[in-house]
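Asks: Here is what each chain is made of, one letter per residue.
2 protein chains.
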Amino acid sequence: MPHFTVVPVQDNSPSNYDSLEGVNWGYIRNRDDSSHGNHKEDSPFLSSSDSASKRNDYYDKNLALFEEELDIRPKVSSLLSRLVSYTNVTQGAKEHEEAESADASRRQMPKSPNMGTLMGVYLPCLQNIFGVILFLRLTWIVGTAGVVQSFLIVLMCCSCTMLTAISMSAIATNGVVPAGGAYFMISRSLGPEFGGAVGLCFYLGTTFAAAMYILGAIEIFLKYLIPQAAIFHPADIHAGSGAMLNNMRVYGTICLSLMAVVVFVGVKYVNKFASLFLACVIISIVSIYAGAIKSIFHPPEFPICMLGNRTLVRDLFDVCGKTVVVGNDTVPSQLWKNFCSSENSSSTHCDEYFLQNNVTEIQGIPGLASGIINENMWGDYMEKGQILEKASLSSVDVHGSMETFGFYVSADIATSFTLLVGIFFPSATGIMAGSNRSGDLRDAQKSIPIGTILAITTTSLVYFSSVVLFGACIEGAVLRDNKFSFYLWFVMYPPWVIVIGSFFSTVGAGLQSLTGAPRLLQAIAKDNIIPFLRVFGHGKANGEPTWALLLTGLIAELGILIASLDMVAPILSMFFLMCYLFVNLACAVQTLLRTPNWRPRFRYYHWALSFLGMSMCLALMFISSWYYAIVAMGIAGMIYKYIEYQGAEKEWGDGIRGLSLSAARYALLRLEAGPPHTKNWRPQLLVLLKLDEDLHVKYPRMLTFASQLKAGKGLTIVGSVIQGSFLECYGETQASEQAIKNMMEIERVKGFCQVVVASKVREGIAHLIQSCGLGGMKHNTVVMGWPYGWRQSEDPRAWKTFINTVRCTTAAHLALMVPKNVSFYPSNHERFTDGYIDVWWIVHDGGMLMLLPFLLKQHKVWRKCKMRIFTVAQMDDNSIQMKKDLATFLYQLRLEAEVEVVEMHNSDISAYTYERTLMMEQRSQMLKQMRLSSAERDREVHDQSNVRRMHTAVKLNEVIVNRSHDARLVLLNMPGPPRNPEGDENYMEFLEVLTEGLERVLLVRGGGREVITIYS
Amino acid sequence: MPHFTVVPVQDNSPSNYDSLEGVNWGYIRNRDDSSHGNHKEDSPFLSSSDSASKRNDYYDKNLALFEEELDIRPKVSSLLSRLVSYTNVTQGAKEHEEAESADASRRQMPKSPNMGTLMGVYLPCLQNIFGVILFLRLTWIVGTAGVVQSFLIVLMCCSCTMLTAISMSAIATNGVVPAGGAYFMISRSLGPEFGGAVGLCFYLGTTFAAAMYILGAIEIFLKYLIPQAAIFHPADIHAGSGAMLNNMRVYGTICLSLMAVVVFVGVKYVNKFASLFLACVIISIVSIYAGAIKSIFHPPEFPICMLGNRTLVRDLFDVCGKTVVVGNDTVPSQLWKNFCSSENSSSTHCDEYFLQNNVTEIQGIPGLASGIINENMWGDYMEKGQILEKASLSSVDVHGSMETFGFYVSADIATSFTLLVGIFFPSATGIMAGSNRSGDLRDAQKSIPIGTILAITTTSLVYFSSVVLFGACIEGAVLRDNKFSFYLWFVMYPPWVIVIGSFFSTVGAGLQSLTGAPRLLQAIAKDNIIPFLRVFGHGKANGEPTWALLLTGLIAELGILIASLDMVAPILSMFFLMCYLFVNLACAVQTLLRTPNWRPRFRYYHWALSFLGMSMCLALMFISSWYYAIVAMGIAGMIYKYIEYQGAEKEWGDGIRGLSLSAARYALLRLEAGPPHTKNWRPQLLVLLKLDEDLHVKYPRMLTFASQLKAGKGLTIVGSVIQGSFLECYGETQASEQAIKNMMEIERVKGFCQVVVASKVREGIAHLIQSCGLGGMKHNTVVMGWPYGWRQSEDPRAWKTFINTVRCTTAAHLALMVPKNVSFYPSNHERFTDGYIDVWWIVHDGGMLMLLPFLLKQHKVWRKCKMRIFTVAQMDDNSIQMKKDLATFLYQLRLEAEVEVVEMHNSDISAYTYERTLMMEQRSQMLKQMRLSSAERDREVHDQSNVRRMHTAVKLNEVIVNRSHDARLVLLNMPGPPRNPEGDENYMEFLEVLTEGLERVLLVRGGGREVITIYS
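Top to bottom, those sequences are chains S and H.
Okay, so the first sequence: first residue is 1 according to UniProt numbering, each after it adds one.
Okay, so the second sequence: first residue is 1 according to UniProt numbering, each after it adds one.
Keep in mind the hints are simulated off the structure, nothing from the lab.
Don't take every hint at face value.
If chains are identical, the list can't say which one is meant, so a pair holds when it fits in one copy or spans any two.
[Said to hold, decoys possible] Restricting the straight-line Cα-Cα distance to at most 27 Å, the calculated cross-link-like pairs of lysine-lysine (DSS-like) are:
#  : residue 1 : residue 2
1  : Lys860    : Lys698
2  : Lys446    : Lys857
3  : Lys690    : Lys800
4  : Lys690    : Lys741
5  : Lys741    : Lys860
6  : Lys860    : Lys750
7  : Lys690    : Lys760
8  : Lys446    : Lys864
9  : Lys760    : Lys800
10 : Lys446    : Lys883
11 : Lys268    : Lys384
12 : Lys883    : Lys857
Make the full structure from the sequences, and use the hints.
Replies: As structure tokens, then:
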């Protein structure tokens, strides 16, 4: 049972008040924000503020080698001295500075953590684990499930918590846990999303625990202490449970309100009684053993009255017999009157079963020596309303008429193994009590594991032995009667003391849950990961989390309205199991990922154990109630998604990041095995961007085009080159990466960004082309802008870089796309409602030309455009056959496109062509002379080839402009640069001529492999 | 019902034989290996062999711009002509070449695919979907589940197959499916692992289908055709089912053996009867409607005899009455004798129920007009052995003594909704029949979707109407009697013909399954993805897959030994559902991933539909039998893992690759958001390797060290630089990447490799440092070798590159590790059994020094080593306090290490120091003069600083050697290079002096951030 108390209270009540977890968490969180939360800001190690000590180190002779960097790499001795002062003093000092509430002054001298394992962990755990279920339900569980299966239930629950304790110990000993407990441990090791989800589960579990305790206390009160206090009375004898539930609801609500008031006005009183409560628990448990031993020699008098093999409800008659002797007369007993319609004993209007069976009185608690355990070994699960029977008694099996009138003891709920697991599990919770108080421990890293594990061992042993003792001492028919559960205490050892003790212990546990839960909620709220909880982070002037208390009260009231302990227990089981599940998960994940920071001082953990624990939690959740489990997981999932959606950027450093790193690495390593099959080919773009002087993207439309081509899928790397020396340009690099990333966000390009510094732009681009990407995530296509100013510029680098990049892509077997007039390309908001995307398929280099329009058409901008494919037929081609073949080919490619074959006959070279060639060569010549190129080549040879090429360019341009002048986009094979670098400049001219008069052109070069296939 | 036949057979039996799917698959696979399987080898597009046509193109005037590359980028016209000849001719030619079996010669002239939608898809699907369940179980299902729930069952099953058909249509129309069917479609779109698993599921499903058909046939034979043939007779009247099962087993085994022989010797005969079987099915179905209409006007005579409201077993008496009039006497009837122990009618030794209830005769098939449908609307699920009752008849509910003696009709299995789903589902399978014959279709891409969907629509309508008609015509008590199921046919329209027809149809279906399954197995085996199946790939001389047939027979025998149709049906349901699930998955995944190649001609698919289909398959699996479902999934999972483990590297290009690409991209994009928290910091290494002239790794121990540091986790990028021009060095790059990858494999470094070509090594390294990695997967630590020959070499580049790299790492905020004497580092096979890892912690730069030994100790080589931490105390430090502080710090870091504080007092500078300094400066001077450095600096200033530094180096080295000479590894802060580049050479000298006399040294520089934290 998780309650949130500090153990036997010393007499410094103010500091004791502080040590309540909620409050602790409050101030720790403040520190956490500034130091623990983000080491980068003000870590003690890299502090650059106290320059005085540095000065001294500067000219330390023995460290002369390191002297130039001592400002950022401090001497170890100075670090250590600062470190120690930090851990000893800063804490108090910081708090003082940040104190804002009235009671802050009390903390000026923080209580030094001084609790040992026994007082700090063992006893709180013990107190929190033992709880109301042991008092109210364990006997019933033993009776119903039998000794063997009860043993199994206890074993399952306890081994689950034991495994969780092991995982928790590992987490708790992995570094300084300033304070905080389970929520902080999980949120700091699994990240805010899981942390928040688990924290809220823990909170809900604790809140429902409060409701359960209150219900338990009311049950004790109404059934065993003062039954007369019941407000609602059953209308008739067989409608008892409804009235009882209403009594529970009324008294529960009253009790909850009172407790909430107590918590609100005087939380310190709650704590004062902690040791008293613990004492109650321990005395009660000791009395079990005492009673059991006593029963060997002197079994208690506890007769039960049986009719046939059925147990009779005791309060409805006085004498266990069909007749009583009054004076000398044998008159019908009360029992007789109950079962017969007439008082006349000779009347035959009696219940058939009553007539045919005998009334016997048996010993309800035959004691340890009686061997009754053999009868109780195997359980007897019952339907609701089924009459309790003692199998070993003989009975005539006749259907009587009084079965439904409440004379027999019957089961008040249907039972099954799984149900009992859910009801018992709360008895195993509470294991976090020790770690919740890590702030108060002298040596948390030693105390938490030892104390917690010892406490679980102790409680498990008590449960196991109780199961055996109950089974060995008590008659099964008594055990199975839910109403008797508590009477046992009467007969075991000292009677009334224990009932009252249990009552107060239960009330106290309820109070403590009601104290702890709001503080936990406050801590979560203050972490600010769940915005709508923010209001619960505020406290009253006295530090009480008023709003949180109110919410807790409301949720607990829900539990009380359910009114049945047996219904509430599985609910809180779920939430605690969720929490434990994540503790195990956190441990398993970090162990498997081998995070370097995962170095728990507690060594006896293993990922397999945590995994087993996790599986057991999951199994227990689904065993005890699969629909509750789904609901609880749904709630946790929603919280997770909500926090993720809110984008909590708590730099706590979570294990989950390591998980996605591992996942990325695994996926990348899987991809390594070479280039994908043609079927899987998809453009993975490297977009080369030019930046202007202010490091802004010069042509953002390049990114727009990339985003349209990808429609959000596949890899995009955006690269850019800064000219300079890397040693000096780091800042510039960061700035331009940021600029590019911003632009990528605006243009909705999902991808990566890579800016390199190089002494020559050309080399930088070559490096980008070579080394961008990782493993299988490499680009296969380069997108590059057109060097618009090349003709105007006298600097030949403008086009030399361009041609060099073309050559590089070819050498690297990459495809290349050059969008010309990229500024005229549509933005992502435009929509073409008609028009064509024209493909001029002149040579086949892998099918990129066919694939690109298909990909573009996936995007909204281009969706309405139609695709046209033009190809060129020479003189000797059969253009009709070609058209037919092309149409078939496209059909097989499953592409919808209009097909046109353009006939181009060999024609004479026109005067215009000669003129253009001449112009080009003159210009080139002039520039060459300006650049003092010495070697004059044989111009004639070039001339001829130049003229032929210019002829092609002019003719093709003519045809293309003729057919595609109104196309939205023209895709065109890009001719390769000449093998002889002499002709580079002419090549630029040819490309210009080829694309002249077209608004938007995309020049495409394949990467030397097929990218489209007719096969499935 | 999936059988594997070709529809109404034309009279060309040899080609018909070929068109059996199994055979088709056989030869298609051969082609697949060479052309379809791997386009890169002999794709028609990039063929470089037929150079004759190229020559012609070379000087094509209109393409002069492209002429230089026409060898690798062919003209479109020549491509198209080759393409056409490929698709028309190659197929036959290839087959001829590869023919190896005797019947290959028959294929020389391949049958041109000429089937239309009706004959090629619709009718085969129709025949395969209708099956034995319709004849043997549908009436019973209607009776048990009622009309409404039966409607629901049919709806669930049919909508599941309809959704699957939609997904399958999309897959089948996504490109040319040369032949092959479902297995090929799935394996080619989901990869060999899934393909193999699904293929085997399909195979097992088909094999169990064979068993089911045989059982169905035997059931018809023994129950309705020749009941006298039963070998085993029930020992007494109430032990009928055991004997019947044994009869089934014996006759089933005989039948299976006979069929196997038929398949083995004369598979062609099987096919001849396909149209006959179809005709049988169609006639039977038509007769349902005929019978139903007839029943309106003239309900058939089909009396059933009821005792009270219980149905009596007909064959045990003659007259439906308690007495018969023989002559003039009223004598007890046979029925009377059955129920009474004495023949005397006045005897009272009769069954109580018999006495108190009347015998009535009711009409079993009241007909469509009777309104009986109201009674049949809701079903009546029964326990095993429960007596069939007609609710509307009155009955005195007395417990008689004859209930268990088999006089009443009782349920022979316990029924439930979920069970009936499992039994009915085989009636909906068989939808693959059309796509299995894609090779024979004129236009597969049109016929498959239309034919399959129409066939499913037809069969669904027949099922729906049958459910209604059965419910509307027949008395519920009759419907629920499993034994009556078949008698219905007697009374509907033409009686005996149909029984015989159904029998032959069922036998035929069994034969066809038995023919198809081995061929499917053979196809899978020949794909060679599951090595242990290889033996089943071989055929006999006549092409029969003998071994596969044998295995199929054995598995089918298992099904027959189960002996109950109701038990076998769910098994095959599972396997078919698995197969359908994956078809849906393949479609959904490819749609969601937007693979560019995913362009199905069939447009009416949607990922949500496929997903729904997938969910329905999964739901149906778990609904009909969750344990079978788990077993089936387990089998599929094991096959998957086995194939994955065998590392099948079929370059089919699967959709799953796209999935891991997407996963990698997603994981990487998640990681993008900046550097990780200190808690998550782990070394992500960039290992800079030097290659020798032969492109081999010069110091493989660098990789060994990296692998020891990582212990297999985290990111490692291995980088290297080749000096030269990228345009010329592509091959070299590939070669060295391969060499490095091989070495990485040997040294067990899992990671990525990146070789860049740069004109200067220094620039290449700078680029690697800048641009390696992607997104969040960037290196944070550089590992670099020591430039061993720097003192000997006259080339200053040796150490300049080194120092430049140090500066680069600092500028890029990366950590740096320099293992010196790396060749002495231990290999991965060595194990240090003792010794120390010594850390000399002189300045604090983030904690790398503390973290590295911890990481190394995770590896087997270093596990036994202990860690020692030395730090240096200056004169003014309190070394005792320092030691204490340091120990505390390490305790909080959870590191186990011995702590030592070494006191270093300011001492005079020794003569040795002066000497070393002088030597160093002289050497430096000399070199500088050699390099004609003109500017002579003020040596005095340097001198002083140099002396101080040399003093530090000498003193530190003295202490380190003194304390750590026997350490396994010494870790040391690496001093930064001087701010003034003038001192670079001296810096090298200082480092040499600092590490002199130590065997293994690791110089470490932090990256300017904390990498270790005391916090959890």
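Asks: Decide, hint by hint, whether the structure agrees.
Replies: Evaluated hints:
1. Lys860 / Lys698: within (25 Å within a copy, 54 Å between copies)
2. Lys446 / Lys857: For Lys446 and Lys857, only the inter-copy Cα distance (24 Å) is at most 27 Å; the intra-copy one is 65 Å.
3. Lys690 / Lys800: within (15 Å within a copy, 32 Å between copies)
4. Lys690 / Lys741: The answer is within: 14 Å in one copy meets 27 Å, while 34 Å across copies does not.
5. Lys741 / Lys860: Close inside one copy (23 Å), not across copies (43 Å); limit 27 Å.
6. Lys860 / Lys750: within (17 Å within a copy, 42 Å between copies)
7. Lys690 / Lys760: both (14 Å within a copy, 24 Å between copies)
8. Lys446 / Lys864: between (70 Å within a copy, 25 Å between copies)
9. Lys760 / Lys800: Result: close both inside a copy and across copies, 12 Å intra and 20 Å inter.
10. Lys446 / Lys883: between (83 Å within a copy, 22 Å between copies)
11. Lys268 / Lys384: neither (44 Å within a copy, 66 Å between copies)
12. Lys883 / Lys857: Close inside one copy (23 Å), not across copies (70 Å); limit 27 Å.
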